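J.: Let chain A serve as the given structure and place chain B on it in line with the hints.
Listed in order, the protein sequences are those of chains A and B.
Here my numbering runs 456 ahead of the position in the first sequence, where the first position is 1.
Here my numbering runs 8 ahead of the position in the second sequence, where the first position is 1.
Bear in mind the hints are in silico, worked out from the structure with no lab data behind them.
Every clue listed holds true.
The list that follows gives simulated cross-link-like pairs (lysine to aspartate or glutamate, EDC-like), each with its CA atoms no further than 20 Å apart:
#1 Lys477/A to Glu47/B
#2 Lys21/B to Glu600/A
#3 Lys477/A to Glu488/A
#4 Lys36/B to Asp503/A
#5 Lys514/A to Glu49/B
#6 Lys36/B to Glu573/A
#7 Lys32/B to Glu579/A
#8 Lys36/B to Asp599/A
#9 Lys627/A to Glu22/B
#10 Lys21/B to Glu630/A
#11 Lys487/A to Asp34/B
#12 Lys32/B to Glu488/A
#13 Lys21/B to Asp634/A
As the structure is a prediction and not an experimental result, all values here were calculated from the model.
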Amino acid sequence: MIIADDRIIIEQITKGTDPEKGYRMLVSMFKERLYWHIRRMVGEHEDADDILQNTFVKVIKNINGFKMQSSLQTWLYRIATNECITFLNKKNSRKVTPLNSAYDTNGVSGLYQEADEILSKLEQAINRLPDKQKAVFLMRYYDELPYSEIAEITETSTGALKATYHHAVKKIEEFIIDGHD
Amino acid sequence: MTNFNDHFQDELKEISPYLASLPKQDPKNVPDGYFEQIEDEIVHQLMLIRHTPESNRQLPDGYFDQVENQVIRKIKISKKPRAWIKFIPYVAAASILFILMILVVSPADHANQETVQLAQISEMDQLDYLSKNIDDVSLNTLIDYGLIEESDLMITDAEVEN
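Chain A on its own, in the form it takes in the complex (with noise of 0.2 Å):
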């Protein structure tokens, strides 16, 4: 992300005529990449359209006090994961999710099972994983962020984010693989 179009970004939407543009340029940019981190994180199309939504509300009503530390990306970022945490551990003291609930299938193994089933075991096996490494991995493997960025935006060492990406990656592969972690 280039801070230039940050600026450009920020200076429409707080100095601007026209905000309504500076609004558009921001939802434009991160509208989609911002809902397919929530949506990994929270699994439903419904919930993610709701703190996507969130999100962006959350920025506008900050944006006057955002000092470009960091990129606009790291800032959405930072509050999407923080949503979608709060918001799985809102749904998570709500619930009991039975451990298996949807994997327990014939105990396949093997590198030999349908592409479909093999992704829907990796999202099972995301979904297991602690809220803070999911968000983690996701932002690793899927949007294949710079861990100096992941850091920025979670808050935590890039020694720590490379232990936790690596723990993450063996979980899923055993629980592929051998059904369990």
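T.: Showing chain B alone in chain A's frame:
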């Protein structure tokens, strides 16, 4: 959907060759036209936020620098004594005296006035009034005016037996 980057792929291969061999695609779908529609929806929502009373409640520039002086000036103005305030104790004292005069002096005058007025009525007229309104006056009043004798009120033993 996500472009593969060798650096990320190499890192993944090192940790898990199996995971690195899997297709990196998202199985989830979104409703048709979602991203076009959501952009309009969010922008509309953000414009509403901009025009809500909360955002209009922003303070004018330099408000807190000015408000201190304004408050102090108002306090000074309100402290300036008004001319009529110094007369309040005297007015209060005069009012109390006036009330006392009404309560103490006026009832005596009223009683005197009644006495004077009654003296002007002749004894015959008074007796005439009492005899006509005998039900409205007490026995003592009738005795005082000589219309009846005290002995008339005494009941004899024979009358009690009857």
